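Student: Listed here are the chains, written in short residue letters.
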Amino acid sequence: MSLDVRSSGLLFAFGVLGAAILVLLAAALVLGHPGWIGPVLGLLAALYLGHVLVAAEANVLTAGVVGVALLLVGELAQWSFDSRLRGRYLASMQATRAVAVGWLVLLGAGATFLSLLVVGLPVSGGLVTVMVGVVAFVGVVALVSVVARRQA
Amino acid sequence: MTRRPTPRLRAYLLLGAAGLIAGIALERPEPVLLVTPLLLAGLLAILLVDEPAVSATVSLGADRVLEGEDVHLEVVLRSVRPVPWLEVAVALPAGLVARDDVGVFGVRLEADRPRQLAVDVAARRWGSYRVARLVLRTRDRFGFFAFEATVEPGLALRVFPKPETLRHAIRPAETQLSAGNEVSRRRGDGVEFADVRQYAPGDVIRRVNWRLSSRRPELHVNELHPESSTEVVILLDTFTDLTGPNDESSLARAVRAAHGIANHYLRRRDRVGLIAFGGSIRWLVPAMGLAQSYRIVEVLLDARAAVSILWKGVDLIPPRSLPPNALVIAVTPLLDDRTIEALLDLRGRGFDLAVIELRPEGFMAEPLDAFGASARRLWQLRRDQLRERLQRLGVPVAAWALGEPLDAALEEVRAFRRYARRALA
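Residue numbers (the numbering used here), protein chains in the order written: chain A, 1 to 152; chain S, 153 to 577.
Extracted from the complex, chain A is given alone in its bound form (with noise of 0.2 Å):
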C-alpha cells in the first residue's frame, strides 16, 4: 500500500515535523547542547525514512544527498559548538577544521556515489550487494587511512 505524498496534507504533515526538528536544532544550538546533536540527526533521518516508507517507491539518489547533508549538518553543528568558546583562537585553527569538515563530506559523497554505484549493478540481491559494498568501501578507505598516517 502506498500513499500519494503529493498530497497537500501529507506533505504539511512532513514539513511541520520538519520544522520541528529544525527548531530542535536551533534551540541545540542556541541554548548550546552538543548532545541534541545525534538526536537530532535521528529525527531528520527517520523523518526521511518515513517519507520513503510512505511513499513506497525507491530513491536511492535522494537517499545518498539526505545522508551526505545529514553528516553536513552534524559536522557544522559540531564546529559551531567548538568555536564558541570564549577566548582568543588563532584564524588558522577555523581554516584547518573547514578543511576536515569538506574533506568528510567528500569522502561521506564518495562513499554514498560507490553506494550507489553497486546498488545500480544489474545483480539480484540489491541489498546484500549494497552493504557488501558499503562495507567493502569502509574498509578500503580506512586502510588507506591508517597506511598514510604511518607513512606521515
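Just so you know, the hints here were simulated from the structure itself, not pulled from any lab data. Quick caveat: nothing in here was measured; it's all calculated off a predicted structure. Each hint can be trusted.
Just the calculated beta-carbon pair ranges, DEER-fashion:
1. A:R88 with S:F523: 49 to 55 Å
2. A:V23 with S:Q532: 54 to 60 Å
3. A:A26 with S:R233: 34 to 40 Å
4. S:R233 with A:G32: 26 to 32 Å
5. S:P305 with A:L117: 55 to 61 Å
Chain A residues, not near chain S, derived (Cβ > 12 Å throughout):
6. G9
7. L10
8. L11
9. F12
10. A13
11. F14
12. G15
13. V16
14. G18
15. A19
16. A20
17. I21
18. A26
19. A27
C-beta: ideal position from N, C-alpha, C; glycine also.
Knowing the structure of chain A, use the given hints to seat chain S on it.
Tutor: For chain S alone, kept in the frame of chain A given last:
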C-alpha cells in the same frame, strides 16, 4: 591525557548501526545509503585518532607584586606531533584575573615547534597564590575526540597589600626610653621646648634661659622633651570578613590599613608588632627595621577569616607581643563579641588603645521592608551604645567608611585623644 569521545561520534555510530539494521529489516537500500556517510566518518575518526603529546611550561615575570599591579604569565607549548586544535585555559585563583578577560586560547601546534602564549594577570587582591592551573584540551583533526590534561606548575606568587597612605600617625600616650622620632611627654635631653623652671644645682649651663633670667632675680633653665621611640601593636580582627559591592572585603581593607600603619611607624624608626586575632591567632613581637616590615607582610598575606566557635581572649596572646606602654591600634569591624571583649580587656589592663572601626554598613544590603529597617535601626543603636561604652573608657573609636581615606579616620582618633580624653579625665 584523558580521551573523551564527543557525543557526535557515538551518535554517528549508533545511527550507522540503526541504518544497517533498518535496511535489513525493511529490505530496502535507502536506510543503508542514508547512514553510509555517518558510518564512514565515525570509523575514520576511530582509525585515525592519535594520542597527542603536548607539554606546557609556565613562567611568571615576577614572584612578588603589589596589589593592583600586573604580572606577565608566559606559557610555552610543545608537541612532538602536529596538533590541529588545542585549547589552553588558564585557571587563575580568586584574586587574580586575566587582563582583557581572556582566559582561553585556541592555537595550532606544529611538530617540535614551541609556541608561546602571554597572559597579563592583574593582581586584584593581596595574598599568597599558587599560579596557575592550565587545562589543555586538544581535538583530533575531525573533532571527534577531545583529550584533556591539567598542568599544575605550582608557581608561587605573592601579592603584597597596597598600603593605605598616612600623613600623620596617632601619638602614643607613652613613649619608650630608646631614642626615636616621637617627641616624648617626659622631660629630659631633647630639642623640643617643654617648659622653664628655676635653676637647680647640677643643671647644665647651656640650658639657662638668659632672656628670662635677666628679668628675674634668680636663674631659670629650659626644660626639653626628648625624642623617643614608640611601640605600636596593631591588632587585626580576623574573626570576620564582610564582602560588599565590587568584591570589596572588610578584611582586605583591614589588611591594607594595618600595612599602611605599620609602614608609617617603621619609617619613623618605631617598634611595630602585629597580632592577627581571629580563628587562628598569629603575632609578631614589636621590632623595628626593614626585616620587621617583611615579617609583617608575611603575616598579613596569611591573614584569613577562619571560622571558629572557640572563645578566645587576650590571655592567649603572649605577653611579649603586648609590651606595657605600647599603643594598641585595633582594626576591626566590631562585629565579633570576642574582639569586643578583648578590646575591653586590653583597656582594663591599662593599654593605650585606639580602635579603627571598619563600618560594616557599606557591606550590607539595604533593608527590604519596614521590619528590616526597624531591625537595622535597633542594630545600629546597639553599635552606638558599644562605641559610647568604649569612648567612656577613653578608647577613641574612629569610623572608617568605604571610600574614605584612612587619614580621615585617624584624624578622628587624634582629635579624641587631644580633647575628649582630657575631658573624661
